[in-house]
Amino acid sequence: MKTTISKQSLAPILTLALALAAGILALAGCASQPATPPGHAGQESGPSGARLWAQNCSRCHNSRSPSDYSGVHWDVAMLHMRVRANLTAEEHRKILEFLQSSN
Amino acid sequence: MKSHLIIAATVTGLAFALGETQLRAADDTEKFVTRDEFQKLRQENDLLKKELESWREFKSQFEQWKQQQAGRAAAGAQAAPTETSQGMAAQVAAPGDAKELARSTFPGSTKFLLTGYGAAGFTALRNNDAAFNAQFNPMLLWKITDRLLFEGELEMELEGTETSTALEVANLSYVMNDYVTFQAGKFLNPMNSFVERFHMAWVNRLPDKPLAVYDGLLPETYVGAQLRGGLPLGPTKFNYSGFIANAPQLITSVGPDDDLASLGTMEFNNFDNPGGHVAVGGHVGFQPLPELEVGYGVHWSGLSDSSEHALMQSVDLNYVHDMESLKGMMRLNAQWVWSDLGRGTYDDNGTPVGFRNHRNGGYAQIAYRPTHASWEFLKHVEGVFRYDLFNQAETPVGYDQNRYTVGLNYWLTPKTVFKTAYQFDHKTAGEPDESGVLVQFTSGF
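Residue numbers (our numbering), protein chains in the order written: chain F, 1 to 103; chain W, 104 to 548.
If you are wondering where the hints come from, they were derived from the structure by calculation, not from laboratory data.
The beta carbon of each residue, even a glycine, is placed where N, CA and C say it ideally should be.
No false leads were slipped in.
Derived contacts from chain F toward chain W, CB cut-off under 10 Å, selection only:
| hint | residue |
| --- | --- |
| 1 | Pro47 |
| 2 | Arg51 |
| 3 | Leu52 |
| 4 | Asn56 |
| 5 | Ser58 |
| 6 | Asp68 |
| 7 | Thr88 |
| 8 | Ala89 |
Here chain F is said to cover these stretches of chain W; the calculated rule only asks that three of the stretch's residues, wherever they fall, bring their Cβ under 8 Å from a Cβ of chain F:
| hint | region |
| --- | --- |
| 9 | 239-252 |
| 10 | 388-402 |
| 11 | 413-427 |
One side only, chain W facing chain F, incomplete, derived with CB under 7 Å:
| hint | residue |
| --- | --- |
| 12 | Ser276 |
| 13 | Val306 |
| 14 | Pro335 |
| 15 | Asn342 |
Kindly produce the complete structure, drawing on both the sequences and the hints.
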């Protein structure tokens, strides 16, 4: 089979690519806002770090004990889970503070 | 006699007088130096004078420096405590913080985390040879800055007579803002809920993985880039990912030594990406409740070695609830995937073969663990049931498959589990079934 793409078949790719590009540009606009680093609390509201830890971690796996890692290790692990589990900055910060204060 | 005595006394007196005179002469000679010796002594004296002057200068500078240091220390003590005194104050004020401070100084504990999992298993399935197996998946996480993370994972498995080692993931993530993260490299397939979240041996509730969704219709990883994140919306939450990556390769022909069943399937490890096709897609998840998430994923791409295109879709549902009424934790996971590669004509060792290259499959699984039981032993026991199926009868594989699997797990720790299961396997078109026992002992670290 030949590896050629007709104009017709390119249309969906281009549509999706354009949609993705538009999304990236829109989100890149948001990127001008600084990310909230852990440890810099904004207005305290919503569920606590302990509750968010129980809800988000156990969605996929058993929740690990806060004493399993040192505070430094939790810092690394939580940045990884922020990316993998699509956590928001607030969820990330609250869970990390809970883990570091409980270990 | 008298004259003899007088002569002897006179001789002795002369002898003493002569000896004293000679001794005095010798003493007088040592009181003087030669001109050469005088010059040498003078030079040495000059050198000593110069050395003494330089020492005096050094001493003066040292005294000045000491005074300056004493002045600075006095000013610093009044303005702000030094790092050392802050650390000491923290230790006195909060012993927990002191412990953390000490831990953070452990060698190798800064920014790096070595994690991952290992597993040992045994399978005894009908129409297969019983065999033990093992795997090791080390993962290195490196937090480079507060926004930048490197993730690398190897997968080492025993296959046939060899040990295979593969680069499972290797990517860099950059947190752009509170809701957007950019990631590039080799990453787990974000449109495949099972692969991204549940395939790890210590997370997966059964010893094996479900049909179709794993090692089946969807890629396990992509090489490309993606944007992802979570967006709160009142009490609910959305999460999303959008990616662009290398496209898969379509197997369009098989030779006499090849497996006919591979005709029309896709090779996802298409790292060279012949033809330069791209795959685009993503996943959107919605959490109406903290315990519930439903999601939809899509992949659209051209295919290397083909003019066909691949459209793959996935829907998933995940529900986890620790229920007091049931005295335990219940997990419900389900996913259904479709792969549509159109109707094509393929080459079976020189013979054209045409078929509709559509396949689908998925799984539903429920697990229950009585975490609130009064008997401690029961708290560690977990029962699992899974139904999975794979429909591909129209393709050269020529059969559909479904399985029922029941499992019983014992959790030694939150990341260590001993899993046992029995699987009932059914295939159409007279294909031999592979029912049997599966065992796995795994731990995350």
